[in-house]
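A.B. asks: Each chain, written out:
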Amino acid sequence: MADHEMHEFDVVIIGAGGAGMRAAIEAKERGLRTALVCKSLLGKAHTVMAEGGAAAAMGNVWPEDNWQVHFRDTMRGGKLLNNCRMAQLHAQEAPERIHELERWGALFDRTSDGRILQRDFGGHRYARLAHVGDRTGLELIRTLQQRAVALGVDVFMECKVLRLMKDDDGRVAAAVGYWRPTGQFVTFLSKAFVIATGGIGKSWMYTTNSWESTGDGHAMAAWAGADMLDMEFVQFHPTCMVWPMTARGILVTEGVRGDGGVLRNAEGTRFMFDYIPPMFAAETADTEEEADRWYDDHINNRRPPELLPRDEVARSINSEVKGGRGSPHGGVFLDIASRRSPEYIRRRLPSMYHQFKELAGVDITAEPMEVAPFQHYMMGGIRVDADTTSTTVTGLFAAGEAAAGLHGANRLGGNSLSDLLVFGRRAGVAASDFAESQQGTPSVSSAEIDRVCDEALEPFRRDGGESPYDIQKDLQETMQHLVGLIRTEDELVQALEDLDKLDERAAEVSVTGTPVYNPGWNLATDLPAMLTVSRLVTRAAIERRESRGGHTREDYPKTDAELSKVNLIQRIRTDGTYNLERVPLREMPDELAKLLEEAAP
Amino acid sequence: MSPETTPGAGTKDEQTAMQGAAAPAPEPSSGPGSDSGSGAGAADSVTMSIWRGDPEGGSFVDYEMPAVEGEVVLDVVHRVQAGPAPDLACRWNCKAGKCGSCSAEINGLPRLMCMTRMDQLPPGEPVVVAPMKTFPLIRDLVTDVSFNYEMARRLPPFAPKPPEPDGTYRMMQIDVERGQEFRKCIECFMCQDVCHVIRDHEDNKVGYAGPRMFIRYMELESHPLDTNDRRELLRQQMGLSMCNITKCCTEVCPEHIKITDNAIIPLKERVVDSSYDPVAWLGRKILRRTKLTAAQSAADAPAHKAPTWEDA
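Chains as they are written, first to last, in our numbering: chain W, 8 to 608; chain F, 285 to 596.
Derived from the structure by calculation, the hints contain no laboratory data.
You may find that some hints are simply not true.
Subject to a maximum C-alpha distance of 25 Å in a straight line, what follows is the list of computed SDA-like cross-link-like pairs (lysine to any residue) [claimed, not checked]:
{"id": "1", "chain 1": "F", "residue 1": "Lys445", "chain 2": "W", "residue 2": "Arg117"}
{"id": "2", "chain 1": "F", "residue 1": "Lys468", "chain 2": "W", "residue 2": "Gly159"}
{"id": "3", "chain 1": "F", "residue 1": "Lys445", "chain 2": "W", "residue 2": "Gly190"}
{"id": "4", "chain 1": "F", "residue 1": "Lys468", "chain 2": "W", "residue 2": "Thr276"}
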């Protein structure tokens with residue numbers, strides 16, 4: 008403990024993607040001592056991979072657009088399981104958050120009269136996504152990064168947080184972690200903490216997520232006793248690369264479809280017309296002619312079925328492949344080459360062009376892409392208050408993918424980047440308010456800190472245990488095959504049994520070398536979070552015996568009226584056991600309910 | 285970010301050997317059967333010759349791995365980690381060419397490991413993977429790139445003019461396109477790595493922002509809304525004149541940004557104009573636009589308010 012590195016702040020933000028950086032900017036602008044702690048170098052977080060755009064009803068392309076329509080689209084996309092207050096705040100505040108980025112130097116693509124251009128995406132009635140070609144996430148993260156640096160936020164890069172610690176009053180008071188470059192431990196004492204650690208995708212074999220998405224924040228919050236909401240809802244993005252095998256899971260932006268691309272099976276059929284669900288029939292084109300007219304005239308035509316919400320498109324692709332009408336490498340064809348000029352494609356989708364050319368040797372201006380659904384996004388997560396992002400643990404806030412509620416059972420494309428900005432800022436405001444209300448210096452037991460550090464180093468002391476890579480691989484196989492896009496009770500129960508065994512094995516891993524920049528050891532310290540989060544997902548997936556949004560049960564293919572009224576909330580008790588309960592949805596005020604009743608155009 | 289993570293440059297000599305046209309052949313004795321990877325045409329295995337070491341020293345170690353169709357260099361490095369060398373240090377995030385984390389020197393050339401396909405490298409020859417040479421080594425393929433973050437902190441930030449009455453801005457697509465080219469930068473820092481001003485002269489780092497930052501300065505110079513003047517700072521403290529336009533940076537840019545032609549050369553012209561051009565001088569007098577001095581401009585940067593790399 009004597010040479011243990013300690014820092015004290017007012018607000019500590021864990022995770023430096025869009026939500027974390029936006030929160031840090033807010034706290035720093037308030038003049039608070041603010042730290043931003045991240046596992047990778049600054050500017051490399053997963054937000055950088057977002058492609059298509061940020062949804063905000065600015066009405067620059069279709070003046071008919073407004074927050075009410077955006078709210079309705081978000082709720083319907085989430086199969087009405089969303090926290091309606093979050094959906095309202097998100098739709099109302101997103102435009103200002105986008106304009107704010109412009110004040111900080113962002114350069115979005117423009118309309119002909121010089122305003123921010125907006126693009127079409129699945130589930131959005133109007134073209135609504137502010138974007139920069141197909142690299143919007145990079146623009147977002149760089150703008151926020153440059154703003155945070157200009158403000159002088161204290162950044163702790165390549166620093167992994169292991170645990171949150173509470174003081175005697177049950178407030179979160181410290182976070183213990185280590186520097187990846189040196190392996191030295193570090194403790195952050197703070198009045199308020201914001202979790203902005205992103206997703207959980209690394210527990211699946213094929214995912215669009217980077218190595219960082221191990222659910223650290225989800226797990227740390229759960230270990231601290233926070234309520235975990237709707238953990239069964241995992242999004243499988245309908246269009247990811249399938250070939251070469253080693254590129255399997257790399258994202259292909261929904262912008263391809265927004266800009267005119269269509270899905271075809273091996274027979275050349277635009278099969279999405281066969282999968283239009285009743286809920287969206289009134290607003291979806293039923294002929295190719297109408298669908299094609301829609302790109303130029305949204306008012307008198309209905310949306311192409313390729314732009315149904317992601318859950319619908321992912322299931323349809325899966326059915327085509329299972330029906331024997333898939334592409335050579337087990338996907339379907341995504342074709343923009345036959346529908347738009349090469350110049351248009353290269354201008355609108357430069358990184359898709361580059362990615363397919365370099366990795367698969369496919370020229371997307373001349374031939375179709377092969378795509379299939381893989382793990383992409385976590386709708387579920389830490390339960391938060393809509394207005395303040397506060398969790399059920401005092402002093403702990405959460406925003407972005409790690410938090411839950413906004414997206415309900417399925418997220419619409421483009422709503423994630425705007426989520427980061429709207430609720431990242433709200434987390435910064437509320438964490439600052441909370442920090443300012445606290446007196447004195449936060450304190451935790453040094454014995455507890457020692458225990459966490461000692462436990463993290465245990466894999467070095469064990470001889471002959473398994474490699475953490477072997478356990479990660481088996482976990483990924485379990486989640487891929489048993490807790491995937493289509494689920495059954497038998498397989499989910501089997502997954503829980505597998506997770507029990509993996510827990511035992513993970514407790515016995517051994518690693519070689521020293522703690523200095525050691526990826527094997529780093530992975531060993533990620534495994535507990537990956538296993539906890541996988542268990543939360545699987546348990547909720549068993550309990551929701553219906554199909555809704557991102558959660559599809561082959562044994563319960565329909566929606567269930569009772570389950571449509573509840574969220575599933577889990578909590579890890581102090582003895583380590585799991586509690587799961589059904590909690591009624593937040594009641595919707597009449598003025599919001601009215602917006603949902605409005606007839607489709 | 286912590287000072288302890290900045291090791292000395294103890295391995296420079298070993299790494300410099302990498303930079304010749306012929307990379308040193310890995311020692312065939314480093315593992316049994318390590319020479320079988322050179323069997324021409326027999327693409328059932330590949331030999332990865334990867335730098336292993338820390339600031340105290342190190343060497344290239346050969347790993348013979350089964351060949352897998354469609355792989356990129358990073359895939360094979362990952363298989364080495366999952367197999368024979370779990371503690372092999374390398375950075376990566378997106379594995380799709382979008383985050384710029386996995387920069388390394390592959391067969392002597394700076395490249396992203398995730399975008400370098402194995403089947404585009406010479407068949408039957410070992411693939412030599414070394415860390416970027418210009419930055420201090422931390423371990424194996426990981427270097428301390430904090431120099432770049434320090435230079436970012438010294439940049440006087442974006443300062444926009446007032447918005448339209450409705451609180452938003454109007455900009456034409458044609459006016460944002462120049463800046464958008466530079467904003468494609470994924471900060472892989474390979475342009476910094478290959479720039480001989482700092483690659484071969486460690487001393488220059490104190491006063492040289494480097495190609496990555498020059499495109500950032502040019503981005504702001506061409507930004508339709510920005511009002512900050514950073515030209516004297518560039519000339520006096522950021523070492524713009526040290527660049528002698530060899531275009532090495534442009535050649536290695538994975539985003540194909542025309543760093544030299546579109547950023548460095550125009551910046552040099554603007555800086556020279558502002559310093560010596562009597563017409564520009566007169567224009568400023570008439571328009572009452574006083575050019576900021578380097579000191580005035582630097583005082584605006586966040587690094588000015590915090591301890592810097594220079595002070596360390």
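A.B. asks: The structure should be examined with respect to each hint, and the outcome stated for every one.
C.D. replies: For each hint, the structure was consulted:
A C-alpha spacing of about 18 Å is found between Lys445(F) and Arg117(W), which places the hinted pair at or below 25 Å, so the restraint holds. For the given pair, Lys468(F) sits about 24 Å from Gly159(W) by alpha-carbon distance, which is consistent with the 25 Å threshold. Taking the CA atoms of Lys445(F) and Gly190(W), the gap is about 45 Å. The hint is violated against a cut of 25 Å. Between Lys468(F) and Thr276(W), the direct Cα distance comes to roughly 37 Å. Violation of the 25 Å bound is thereby established for this hinted pair.
In summary, the numbered hints that this structure violates are 3 and 4.
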